[in-house]
Structure formats: structure tokens, C-alpha cells
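Enquirer: In case you want the letters, here they are:
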Amino acid sequence: DSGVTQTPKHLITATGQRVTLRCSPRSGDLSVYWYQQSLDQGLQFLIHYYNGEERAKGNILERFSAQQFPDLHSELNLSSLELGDSALYFCASSVRASGTYEQYFGPGTRLTVT
Amino acid sequence: AQSVTQLDSHVSVSEGTPVLLRCNYSSSYSPSLFWYVQHPNKGLQLLLKYTSAATLVKGINGFEAEFKKSETSFHLTKPSAHMSDAAEYFCVVSDSSGTYKYIFGTGTRLKVLA
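Top line first, the protein sequences correspond to chains A and B.
Be aware that the first sequence starts at -10, since it is given in this note's numbering, and climbs by one per residue.
Be aware that the second sequence starts at 38, since it is given in this note's numbering, and climbs by one per residue.
Hints listed in this document are in silico derivations from the structure and should not be mistaken for laboratory results.
Treat the hints with caution; some may be incorrect.
Partner residues aside, some chain B positions facing chain A, computed with beta carbon under 7 Å [unchecked claim]:
1. Ser46
2. Ser69
3. Gly80
4. Leu81
5. Lys106
6. Ser110
7. Tyr137
8. Phe141
9. Thr143
Note that the coordinates shown come from a computational prediction; the quantities given were computed from them, not determined experimentally.
For each residue, glycine too, the CB sits at the ideal point set by N, CA and C.
Required output: the full structure, derived from the provided sequences and hints.
Expert: Structural data, given as C-alpha cells:
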């Protein structure tokens, strides 16, 4: 158990809908990273938050947004869903150890868009 | 830009024989490199990391990796495969530009034959 929690585990929804994925980092970790894992794109970085502030964006669509709240949990909002958004979404929190930042991953949310 | 290339998408070994999963990296800086494992329908677990302290890195479950700057490689090895090692393995480089986001390789699926 990494200490990072994600809910829900599975989500099935229809095209055009909006969903919210939730992540709680490990106790004391200020960073949250979101990644998408799909068959055609592999594992890709979406967005990084640190202590409530957005720090970096990757290949995140404009239909997607995220935020990190004062209690450090984060939510990833996906709207106007398309079939191609079906994927496994991971969040991770990081800790500095031995000169670098290690990331610990949650179990993921599997999104299926029908 | 930093990147990693996993040279094999699939590797099959017999139980009890050595495992070699190959990874080459590209980085302008001294990289932070990681290997993660993903078992079916599970999250990503850190196996080991390289942070310039030692070129031979030992990880969990008997895995090792050797950083070779001259060959820009960070191959993962294990002397004797176990059935439980069957999983997907990802080589990762951490973006040193400030956000420390992860850049993933495309993954190597390890199959262990009885």
C-alpha cells in the first residue's frame, strides 16, 4: 500500500458526460501528479500541483482540469467525454529521498466511456 | 529533452533463469532514473532508483540495475525469475527542469514460463 488513495476505482459513463476523479496524497506530501495510461499513448503526465498551486502541465486536454484543495487532496475533472478518454488515471505524490523525488502511485481509477 | 527507450516490448523467460530488461536514456543532465513494476490491474510500485550515489543499484525482490553513462543505459536484471515477477515494467526518467514529473518508457511485459 503506497498510502495514496484514489476514488472511485471504476467509472463507467457515456460520451458527453463529466466526471470527477479524486486523489489523496500520502500524509505530509505536498505534491500531486496526475497521469493517464492508455493503450495507444502509454503513461503520460497530465498535471502537477504543489501545495495548492499548479506547477506544470503536460499533455492535458482543455476539456480536463484539476485542482488541489487546502487539505491537499486533488480532483481531476474530465468533461465532454469522448470514447478516447477511456483510460486508467493515476495520481502520485512525491517525497524527496536520496537526492531526488520519488513518486508513490495510487491504485488508479479506470474510466470507461461508452 | 529527456527520454527513455525500452528496447523490448515483450520478454519471455523460464522460471529460474536470469531476467534482463533493457532501457536506454537521453538526458542533458545527470539523470534520476527509476524502474517501476505494474502487476495486472494494480498500481505502479517502485522497484529501484538511480541518483548518482552508486552505479549499481539494488532494489526490491532481488532486482538490480546498473547505470552506464558511456552506454546511456540503465538495464534491469534479476538472477533468477519467479512466476510472481510476471508483470509490466517501466523505465522512468525524472524531469530535472524543476517539476520532477516522470517521463515513462513504453513498458516491457515480462512473461515467466513454468
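Enquirer: A separate judgement is required for each hint: does it hold in the structure or not?
Expert: For each hint, the structure was consulted:
1. Taking 7 Å as the C-beta contact cut-off toward chain A, the hint placing Ser46 of chain B at the interface is violated, the least distance being around 11 Å.
2. Hint on Ser69 of chain B holds. Least Cβ distance to chain A is approximately 4 Å, under the 7 Å limit.
3. Checking Gly80 of chain B against chain A by beta carbon gives a least distance of about 4 Å; that is within 7 Å, so the hint holds.
4. Proximity of Leu81 of chain B to chain A holds as hinted, the smallest CB-CB distance being about 4 Å (cut-off 7 Å).
5. For Lys106 of chain B, the suggested interface contact is broken, since its CB lies about 17 Å from the closest CB of chain A, more than 7 Å.
6. At a threshold of 7 Å, the smallest CB-CB gap from Ser110 of chain B to chain A is about 19 Å, leaving the interface hint violated.
7. For Tyr137 of chain B, the interface hint holds, the least distance from its beta-carbon to any beta-carbon of chain A being 4 Å, beneath 7 Å.
8. The interface hint given for Phe141 of chain B holds, since its Cβ lies 4 Å from the closest Cβ of chain A, which is under the 7 Å cut-off.
9. The interface hint given for Thr143 of chain B is met, as the beta carbon of that residue sits about 5 Å from the closest beta carbon of chain A, less than 7 Å.
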